[in-house]
Each structure stands twice: as structure tokens, then as C-alpha cells.
Amino acid sequence: MTSRRLVLSQSAALLGAASTGLLLPETARAQPGKIRVGLMLPYTGTYAQLGVAIENGFRMAVDEQGGKLGGREIEYFKVDDESDPSKGVENASKLVQRDKVDVIIGTVHSGVQMGIQKVARDTGVLSLIPNAGAHAATRSLCAPNVFRTSFTNAQPTRALGKAMVDRGHKKAVWITWKYAAGEEAFEGFKESYTAAGGTILKELGLPFPNVEFQALLTEIASLKPDAVACFFAGGGAAKFIRDYAAAGLKGKIPLYGSGFLTEGVLDAAGAAADGIITTMHYSDSLDTPRNKAFRLAYAKTFRLQPDVYAVQGYDTGLLLAQGAAAVKGDMSSKVALYKALESATIDSPRGKWTMSKAHNPVQDIYLRVVENKENKVLGIAAKALADSGAGCKMA
Amino acid sequence: MDFATFLIQLLNSLQYGLLLFMLAAGLTLIFGIMGVVNLAHGSFYMLGAYLAYALSLYFNSLTLAILGGAVLAALFGLLLEWLLFRHFYHRDHLDQVLLTFGLIYIFEELRSILWGDDVHGVAIPDFLGASIPLTENLSYPVYRLFMSGVCVALALGLYLLISRTRLGMKIRAGAFNRDMTEALGVNIKLIHAVVFAMGVALAAVAGMIAAPISSVYPNMGSQVLIMCFVVVVIGGIGSVRGALISALLVGLVDTFGKILLPSVAGMLVYMLMAAVLLWKPEGLFKS
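Line by line, the protein sequences give chains A and B.
For the first sequence, my numbering gives the first residue as 6, with consecutive numbering after it.
For the second sequence, my numbering gives the first residue as 167, with consecutive numbering after it.
Keep in mind that the hints were calculated from the coordinates and are not lab data.
Treat the hints loosely; a few may be bogus.
[Unchecked claim] EDC-like mimics (lysine to aspartate or glutamate), calculated; alpha carbons at most 16 Å apart, straight line: (1) Lys229(A) to Glu302(B); (2) Lys257(A) to Glu302(B); (3) Lys378(A) to Glu302(B); (4) Lys229(A) to Asp168(B); (5) Lys105(A) to Asp89(A).
[Unchecked claim] Some residues of chain B that are not near chain A, with every Cβ distance over 10 Å (derived): (6) Leu223; (7) Leu233; (8) Asp258; (9) Asp292; (10) Ala349; (11) Leu443.
Think of the CB as a built atom: it goes at the ideal place given N, C-alpha and C, for glycine as much as any other residue.
Please model the entire structure based on the sequences and the hints provided.
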């Protein structure tokens with residue numbers, strides 16, 4: 006009992022300290038020489054590599070502008086968000102209150118993103134989302150100062166349904182983890198697949214991050230659908246691909262998915278992944294001069310091959326550069342800044358894209374097939390595809 | 167569900183249950199005999215998986231990697247016991263939890279330094295790579311059957327070791343009354359070191375055997391840790407026989423839950439645990 010009381014009193018003291026911080030006059034913000042950029046990304050844990058790729062991409066875009074944005078130098082403030090949702094608000098507040106950043110770049114994990122979203126809405130700080138696909142950020146909780154440069158979770162699968170029906174697969178089973186990202190990806194699939202005339206035989210799910218798929222694979226075999234569509238990512242995706250092949254389903258029932266199924270796991274999945282068709286807003290093997298130039302420059306600078314996360318970080322840098330240039334580095338003239346960001350056209354390695362009214366990319370979604378550990382582009386599955394932005398009312 | 171599908175699902179649940187048993191056996195052994203709560207047990211599983219990955223590249227053979235890895239893991243267990251765990255047997259469970267919780271972070275960071283944060287695959291050996299066709303579009307991978315075989319062999323081996331050998335007798339005596347056993351001239355420190363190394367090796371072997379079908383990735387240990395504890399708690403802490411029964415039960419509930427009651431599948435296993443604890447607060451088999 007004593008220990009609980011101690012914790013309570015300590016947190017009360019913390020809250021008190023935080024609220025006095027809020028009351029301080031904003032003198033520290035007065036006309037500094039540098040634009041203060043807060044990087045709130047995962048630098049440890051499962052998503053560490055994604056955080057590094059995003060930062061690399063962002064820095065590369067800034068370096069291409071001569072290391073300046075709108076004529077002003079940049080000072081970076083880095084926070085490791087640890088992909089820990091319980092620290093999301095605290096870390097974002099630290100960047101805003103203590104470091105007085107002009108913009109927060111972050112993050113990967115959707116739960117943490119909701120923390121940043123709260124702080125962005127409360128304080129009005131400019132927030133650029135380089136990955137997290139949680140719908141709310143550009144739907145019900147959208148805000149004039151929040152812009153996403155990546156995707157919504159439903160965006161890739163919104164292009165998947167028609168591609169499947171076009172290939173003659175009219176009865177499908179959907180399988181995913183039962184958590185927000187999986188449900189949101191399902192929304193896109195359901196909408197596009199039924200609109201194209203397909204029937205979803207059954208929705209299968211397992212709790213995140215459970216990877217014991219065998220029971221559900223047996224279920225799929227007994228349902229005998231034309232095809233299977235899914236949303237998995239990371240280590241679980243590699244296991245799903247291997248289990249699917251080991252159960253003898255590969256080659257009998259074609260496997261489709263949101264593109265994250267085959268990102269970063271193709272070496273681990275090996276031959277089991279061959280022939281999987283996915284939809285996504287980028288592919289490493291995209292054969293355009295823009296993408297090739299980007300990949301070469303990135304590989305030279307960082308001695309690493311860029312991935313979709315590096316591209317999203319890079320585009321975040323391009324977007325901020327356009328905005329800062331439009332206001333000549335004066336980040337405090339917010340109306341003009343947001344207008345510039347809203348109307349920007351980003352010449353991205355993934356192809357040109359623009360901002361939707363809800364501040365999410367309107368972009369081409371590619372149809373890709375796995376061949377020899379590579380996502381080979383088959384074509385464009387949907388041109389200039391926007392998220393629905395349902396429920397977004399800008400204040 | 168037709169009868170054939172039902173039988174296949176039964177096979178799935180049996181196979182999952184046996185894998186869970188192999189994972190939980192080391193945990194329950196260490197707890198039952200030394201009274202140490204080991205949260206780092208999942209890390210030993212991850213260590214095993216990464217060892218399988220690294221050694222199978224080195225030896226070019228998974229079989230050799232598993233044999234070599236088991237020896238390395240046991241040595242690692244001996245070292246850990248000597249450096250850390252032996253000083254914690256008589257301390258509070260909270261101290262043990264803090265120690266092993268810290269170890270999770272250390273092992274996770276070491277893994278990141280040694281092998282990076284990538285997802286890796288481990289190749290299934292050619293002689294186990296085939297699949298047995300069961301229905302027109304479903305096959306059963308031979309490797310999964312092999313896994314079950316290894317688990318059964320280990321369960322049998324553990325049973326014989328503990329109930330039929332001289333070492334097993336000393337282990338049981340030590341768990342029952344440490345001081346008395348020591349007074350009778352048994353080197354209890356050595357016994358504990360051996361049991362601990364065995365526990366670590368069991369978890370690592372589980373990781374190595376599972377690596378080809380689960381692939382190898384960061385934080386893989388924390389996912390299995392919770393299931394391990396569920397199995398151990400249901401079975402009765404410290405009871406190897408309880409762990410076996412409970413693992414099979416959990417496999418059954420998990421597999422059929424996913425199919426028959428998908429909306430609550432995530433909870434079912436924990437509901438089973440709650441029900442068992444209400445009925446028998448010390449688990450099915452108290453050691």
C-alpha cells in the first residue's frame with residue numbers, strides 16, 4: 006500500500022512539473038538561427054532498422070538541398086520512441102516543450118503515433134508521419150498541422166481486390182492478425198474485392214503476434230477458396246509464407262497480400278515466397294530513372310540498400326523542403342506553410358504524388374510479384390489512389 | 167468440419183502442444199528444483215534459434231548445428247549459473263524476477279550487436295523437407311512430425327532421467343530438502359548447475375528445432391515466454407508431468423479455439439488458466 010501511495014505522489018509531482026512547464030512564456034522560441042527538427046523514431050527494438058532508414062532518407066533529402074531548409078540551417082533533436090505507446094505522449098511533449106522543435110518527424114508504430122497525434126493537436130506543432138498507417142491520423146483525428154507521407158493501412162489493399170478478380174479469383178479467404186492494422190487492411194480489401202464482384206468466404210484471424218498458423222491453414226484447405234488474401238508483416242510474415250508453402254497450399258491456392266507481407270523478409274522466406282502477389286506504393290525494383298538514381302545515391306551514402314521506409318523518410322524531407330522554401334524558412338507563418346505542404350507535389354522515387362484533403366498521399370499502388378527474392382513490378386494496380394479520409398473535419 | 171479435417175486439427179493441436187511442452191519443460195525444471203523464477207527463459211529460446219541460424223551457415227548442416235548448439239547452450243547455462251544464478255537461489259522471488267528481466271534486455275541487445283535486427287530463415291534439411299499429402303490440397307510437412315518426435319523423445323528422456331537414474335534421485339532429493347541432501351554428501355551445487363544447464367539447453371534446443379519453421383527474428387523469445395508461463399502455471403509449478411499434460415491441453419484449446427470461436431481465440435487459453443486455478447489453485451499437478 007505504501008509503495009502505491011509513493012508512486013501516486015511521485016506521479017502527481019511529475020504532473021505538476023509538466024503543467025508548470027506548459028505555463029512558461031515562450032521566450033525560448035524567439036527567432037533562433039536554425040530550424041529545429043525533432044526526430045521521434047524507433048532506434049531500438051524490433052523497428053530499429055525502420056527508424057534508421059527513415060532518418061537516413063530524411064537526411065539525404067535535406068543534404069540534396071545543401072543541408073538547409075528555406076535557407077536556414079537545421080538542428081536535429083533525436084528521441085528513441087522504443088515503439089512503446091505508453092511513452093508516446095511523454096516523448097513528443099519533451100520535443101515540443103523542452104527542445105522547442107518546429108516539426109516532429111515520426112513515427113513507425115501506430116500506437117506511438119496516436120501519442121504524437123495528441124500532442125500535435127494540443128500544441129499545434131507541425132507533425133510529419135513517415136510511416137505509421139493508423140487511419141485515425143488522417144481521418145477522424147486529422148488536423149491542419151498533421152501530414153502523412155507514407156500510406157494508410159487500407160491503401161495498399163484498396164488496390165488488391167480488383168487485381169484478384171481480374172485474375173479470375175472470385176472466392177477468397179482473408180487472414181490476418183486481429184489488431185488495428187490488420188482490421189484496417191481488411192477494410193480496404195473488403196471494399197475493393199466486393200466492389201469488383203468477389204465474395205469473401207471467411208475472415209480468419211489470430212491474436213497478434215501469435216504465429217501458430219497451422220490450424221488456420223488446415224481451415225483454408227478445407228474451405229477450398231480460389232485465393233487467399235492476407236495482411237502480415239515482419240518475422241510473422243516470413244513464418245506465414247513458409248508455413249503456407251509447407252502445408253502444400255502454395256501452387257494450389259494463390260496467395261495475395263498487402264505489400265508488407267513481402268518487405269524485408271524475402272531472404273528469410275526463400276523459395277516459399279515465389280509467386281506471391283502483393284500491392285504497395287513502392288517496390289525496390291521499380292524501373293524508373295528517378296528510382297534508380299535515388300537507390301544509387303542512397304547506397305553510396307549509407308552503404309546500405311534503401312527500402313520503402315527509406316523512401317518514405319526521403320519524401321518527408323522533400324515535403325518539408327518544399328514547405329520551408331515556400332515560407333523562406335519562416336516556420337512560424339503557419340497558414341502559408343500548411344498551404345504549401347497541402348499543395349505540394351512530391352517527385353518521389355515511388356512516382357509523383359500529391360496530398361489529399363485529409364493530408365495523406367494520393368499515390369499509385371503497384372502490383373508486384375515475388376520472383377527470386379525480389380518484388381518484381383507487374384504494373385500499376387490503381388492509379389492516384391486516395392484514402393477515403395472518412396470522418397476528417399479540419400478545424 | 168468433416169471428420170478428416172477434425173483429425174488433422176487434432177494432429178495440429180498435438181504437435182503444437184508438444185512444442186509448448188519442450189519450451190516449458192526447462193522453465194518448470196529450473197523453478198521446481200531450484201526455486202528460481204526465470205523470465206529470461208524466452209531469451210534462451212531466441213538464443214537457440216539464432217545459434218541454429220549462425221551454426222547452420224557455418225557447418226552447412228542443421229543437424230550438426232543443433233548438436234553443436236545444444237552443447238554451446240549447456241556451457242552457456244553453466245557459465246550463467248556460476249556467474250549469476252547461484253547467488254540468487256536463496257533470495258526473494260522479486261530479486262530473481264529483476265535479475266532475469268534485466269537479462270532479457272541484455273540478451274536482446276547482444277543479439278542485435280551479434281546478428282543484427284534482420285529476419286532470417288533457416289533451411290530445413292533435405293531429408294526432412296518433404297510433405298505428406300493428407301487431402302487433395304493439404305499436405306503435412308514431415309519436419310513438423312520430426313519436431314513432435316524430438317519432443318516425445320525429450321519428454322521420455324526427462325522422465326527416465328528424473329525417475330530412474332541416480333542423478334535424478336539426487337535432483338529430486340535436492341528439491342525436497344536441500345540441506346539434508348547436502349549433509350548426506352551430495353554435491354548440491356554441482357547438481358543445481360547441471361539442472362540449470364539442462365534447462366537452458368532444453369529451451370535452446372526448442373528454439374533450434376523451431377527455427378526452420380518459425381524463422382529467426384528479434385524479440386521472438388518474449389512471444390513464447392508468456393505461453394510457457396501459462397503452461398507451467400496450469401500444470402503446477404515445478405511438475406514436469408504437469409507441464410506435459412498442460413501443454414497438450416493448451417495446444418488443444420488454442421487450435422480448436424481459433425477455428426470454432428475465432429472472436430475470443432486470444433482469450434481462451436487464459437480463460438482455461440483461470441478456470442484451472444479456480445479449481446486447483448496450485449495447478450493440475452503440484453510437485
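Results of checking the hints against the structure:
1. Note on Lys229(A) and Glu302(B): the hinted pairing holds, with a Cα-Cα distance of about 10 Å set against a maximum of 16 Å.
2. Proposed proximity of Lys257(A) and Glu302(B) is supported: the alpha carbons are some 10 Å apart, at most 16 Å.
3. For a cut-off of 16 Å, the pair hint linking Lys378(A) to Glu302(B) is broken: about 29 Å separates their Cα positions.
4. Of the pairs offered as hints, the one joining Lys229(A) and Asp168(B) holds, with about 13 Å between alpha carbons and a cut-off of 16 Å not exceeded.
5. With a CA separation close to 22 Å, the supplied pair Lys105(A) and Asp89(A) exceeds the 16 Å bound.
6. Every CB of chain A is more than 10 Å from the CB of Leu223(B) (nearest about 12 Å), matching its label as outside the interface.
7. Consistency note on Leu233(B): stated as away from chain A, and its beta-carbon is indeed over 10 Å from all of that chain's, at 23 Å minimum.
8. Under the 10 Å C-beta cut-off, the non-interface status given to Asp258(B) relative to chain A holds; the minimum distance is some 15 Å.
9. Look at Asp292(B): its CB is around 13 Å from the nearest CB on chain A, clear of 10 Å, so calling it non-interface holds up.
10. Distance to chain A confirms Ala349(B) as a non-interface residue, since its nearest Cβ pair spans about 39 Å, more than 10 Å.
11. Distance check on Leu443(B): its Cβ is at least 21 Å (rounded) from any Cβ of chain A, clearing the 10 Å threshold; non-interface status holds.
Consistency note: the structure conflicts with the earlier hints numbered 3 and 5.
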